[in-house]
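If you want the building blocks of each chain, they are given just below.
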Amino acid sequence: MTISELISLIFSGNNIAIFGAVLAAGLAGMGSAKGVGLVGEAASGMLSEDPSKFGKALILQALPGTQGIYGLITAFLIIFKMGILSGEVVELTVAQGAYFLMAALPIAIVGYYSAIKQGKVAAAGISFIAKRPKEVGKAITSAALVETYAIFAVLVSLLLVLLYK
Amino acid sequence: MSISSMKKLTVFAHNADSDTLIRKLVNLKCVQIDTADDEEIKETLPVRKVNCDARRSELESSLSRISEAINILDKYTHRKKGLFAQKIKVKKDKFVSDGYADKARFTVDSANDAIARQNEIKNEINKLSATLASVAPWIKYDLPLNMTETARTDILLGSLPAGSDLGVIGKELYTAGAVAELLCSDASGIYISLVFCKQDADEVLKALSKYGFTRVTFSSVDKTAAEYTKELKKQIDALRTETDALTDKLVGLADNITAVEILYDIEQTSLTATENMQKLLSTKSTVIINGWVPEKNEKKVCETLDRFECAYSMEEPTEEDNPPILLENNAYAKNFEWVLGMYAYPVYGGFDPTFIMSIFYFIIFGIMFADAGYGLVLSLVCFAAVKIIHPSESMKRFLLMFGYCGISCIIGGVLFGSYFGDLPLAFMRNMLGMAESELPNLALLGASAPNVALLFDPLQNPVGFLLVSLGIGAVHLIAGMAVKFYILCREGKVLDAILDIGAYWLLFAGLGLLFLAPSVGKWVTIAAVAVIVLTHGRSEKNIIMKFLKGLLGLYDLISYASDLLSYSRILALGLAAAVIAQVVNILGTIGGPTVGGFIGLVIAFLIGHLLNIVLNVLGTFVHTSRLQYIEFFNKFYEDGGRAFEPAAPSDKYTNE
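Protein sequences, first through last, are from chains A and B. Numbering of the first sequence is given in our numbering, commencing with residue 1 and proceeding in unit increments. Numbering of the second sequence is given in our numbering, commencing with residue 1 and proceeding in unit increments.
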């Protein structure tokens with residue numbers, strides 16, 4: 001087997017599409033892991049003084065987790081479209097595979113950054129509710145504002161994948 | 001859907017009455033007492049703050065003892081507790097006058113004393129057990145443990161490191177003139193006793209020091225180890241018996257836990273009254289109470305005050321006052337007040353948007369989380385919880401709100417064909433083995449693939465669902481502008497309402513018509529733009545500024561557009577729930593129509609769908625709220641009020 005044959009075998013249309021799914025789930029998931037971790041660290045500090053705020057802290061901690069879910073959904077939709085789950089795998093050309101890879105990029109990139117940024121806002125929200133527990137709504141809303149852009153990104157990714165004929 | 005009118009209450013009462021008066025007001029549950037602004041009055045009157053710190057700290061320590069007693073006794077009761085606990089119905093005055101309060105206090109003291117003694121005993125037993133362990137190696141030694149010498153000889157007790165070569169050491173000690181006896185040998189060391197003549201002491205100690213000998217002394221024990229062990233065990237047994245007796249006593253006391261809980265509420269209410277006392281100002285013989293009463297409760301409060309010898313007034317709030325906000329809504333909308341509270345209360349005299357918000361909340365929640373199965377679960381759980389656990393008022397409203405939203409999800413699910421995701425289709429496909437052509441295709445709007453939707457399936461027609469989302473957004477935004485229109489008209493600024501808001505509606509209509517009837521739409525749009533450009537700068541004096549400000553008015557169109565696009569999150573979150581449900585269903589039905597397959601389905605169903613519900617209820621709640629807070633309230637809402645929180649008796653355990 002020559003090198004060029006090996007390369008064309010690795011970079012088949014299907015593999016490129018799967019790479020897109022991997023990026024969507026992987027990068028967005030990494031971002032969420034980092035974001036949720038940031039909030040968790042801040043929350044533990046507050047909870048050691050007042051464990052009764054656990055419920056509120058949990059909501060804030062869960063917020064940066066959604067980007068990972070959006071990435072997962074995009075990955076699943078790509079896998080659906082390729083017919084891997086139903087057992088009738090569609091053979092994609094390199095161009096078609098690249099289409100899915102591109103479609104996955106919005107949520108992969110924006111998901112990664114927005115989850116980390118949202119984690120920072122939510123972690124700041126933790127110190128906010130440590131002092132003013134009744135204002136939890138404001139802390140949640142601030143963090144939810146960051147998520148808007150992840151939502152727009154996943155919307156673009158989902159529409160591109162779903163509308164693929 | 002309104003903000004309750006408030007009356008400003010000022011009372012001058014005798015000092016002697018103040019305690020009773022405050023208690024009565026607390027029991028009314030409709031008076032919020034303000035902290036007196038002493039700076040202002042101090043200059044003109046010889047007044048000072050009421051000081052009851054001593055009483056307060058006394059109550060606080062009493063309360064902590066009572067809670068401690070409840071915690072202890074709760075472990076010894078056999079009653080069913082937790083979720084199904086009902087509030088105790090009791091007349092507290094009678095409870096006190098019949099002497100039950102004193103009995104309860106006695107129970108609290110006994111329980112606290114018993115538990116303190118039990119802790120003491122626990123420490124003592126630990127100490128004795130440690131001593132017991134330290135004499136255990138010497139059990140075979142038959143001299144009193146504190147005996148260190150006779151007239152001519154020295155007696156030495158001690159240990160050598162475990163694993164020492166006894167043959168060599170024994171021989172060397174024998175040479176030095178000592179008689180050694182091996183008493184015990186275990187992993188911790190080798191325990192020996194030595195007897196030697198006093199003149200040989202130096203030799204013996206020198207020999208011992210080579211082998212890591214550690215001396216052990218029992219200076220206060222004049223018995224043999226065996227006798228001493230027996231005595232210690234007896235002491236421990238006596239302590240154990242005592243602690244068992246105390247446990248029995250606590251079990252007996254636990255029968256009175258209800259009385260203790262009632263006492264807790266009585267003391268907590270006293271603390272509330274005392275805290276409110278501290279907010280007041282007093283002169284030598286009077287106290288001054290400043291507070292707020294909702295207008296509807298005015299009569300009730302007056303009747304109470306009339307029974308005291310006091311001077312009081314109920315006034316309308318003035319511009320400078322900051323009355324607290326009490327919202328009044330119908331039985332449905334009041335469950336959404338807490339969502340408004342999480343944002344901010346409206347200013348006094350402002351507009352209470354709860355009712356309008358509750359309608360849009362219901363619709364948006366249902367479309368965002370459109371699934372009949374999930375909605376049914378959400379509604380059942382919430383409504384059942386309200387029926388079964390009798391939650392507090394605020395918890396009840398929280399649950400009811402999600403219960404109503406669940407109904408909305410059911411409607412959304414039927415419209416968009418989602419019952420636990422695509423469970424019906426997945427079931428027919430994989431468990432019943434139906435072919436694609438046999439699957440139902442119900443959608444009214446027509447679809448190429450099988451579905452069970454009334455309108456259409458969002459996964460098959462995402463663009464259609466996006467249009468639905470944006471359509472709801474448009475209605476929501478226009479409703480927000482309509483509220484502003486109403487507020488402006490109420491303030492008599494009809495012209496502002498028409499030029500600022502009406503003109504934009506005209507512009508929206510024109511832009512819409514551009515698609516439907518371009519020839520008409522064009523002129524409507526031009527007319528609207530002209531109105532905006534010409535009138536938006538009407539407050540400016542300079543003609544150039546008028547024109548520039550008018551042009552700037554058009555810029556608002558961009559913010560309306562971005563607000564509208566924000567509603568696309570309804571589609572994104574809706575798809576998120578649907579896709580995860582679809583994955584769960586694929587995994588669940590992967591086993592096919594076998595016994596194992598059905599078991600797998602049940603497991604995947606329970607775990608997967610439960611997780612999906614929890615995740616999506618949180619996400620949907622956050623983003624539905626956000627659409628209200630940012631997109632909707634932004635159009636009209638004037639916030640900044642403080643919530644009305646009247647002083648009220650404690651109802652942690654009881655209900656009068």
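Incorrect hints may appear among the rest.
[Said to hold, decoys possible] Among the chain B residues that face chain A by a calculated CB cut under 7 Å, a handful are:
#	residue
1	376
2	462
3	464
4	467
5	504
6	619
7	622
Source of the hints: derived by calculation from the structure; they are not laboratory data. Built from N, CA and C at the ideal position, the CB exists for glycine as well.
Checking hints one by one. Is residue 622 of chain B an interface residue toward chain A, by the C-beta closer than 7 Å rule? holds, 5 Å
Identify whether the interface hint at residue 464 of chain B stands, where standing means a beta carbon of chain A within less than 7 Å of its own. Violated: closest Cβ of chain A sits about 11 Å from residue 464 of chain B, beyond 7 Å.
Using Cβ atoms only, decide whether residue 504 of chain B comes closer than 7 Å to chain A, and label the hint accordingly. violated, 23 Å
With chain A as the partner, please determine if residue 467 of chain B meets the hint condition of a C-beta pair closer than 7 Å. This interface hint is violated because 12 Å lies over the 7 Å limit.
Answer holds if the nearest beta-carbon of chain A is closer than 7 Å to that of residue 376 of chain B; otherwise answer violated. Violated, about 23 Å.
Hey, does the residue 462 of chain B contact hint survive, CB to chain A under 7 Å? Holds, about 5 Å.
Chain A contact restraint for residue 619 of chain B - C-beta distance below 7 Å: At 6 Å from the nearest chain A Cβ, residue 619 of chain B passes the 7 Å test, so the hint holds.
In terms of the numbered hints stated before, the structure departs from hints 1, 3, 4 and 5, listed from lowest to highest.
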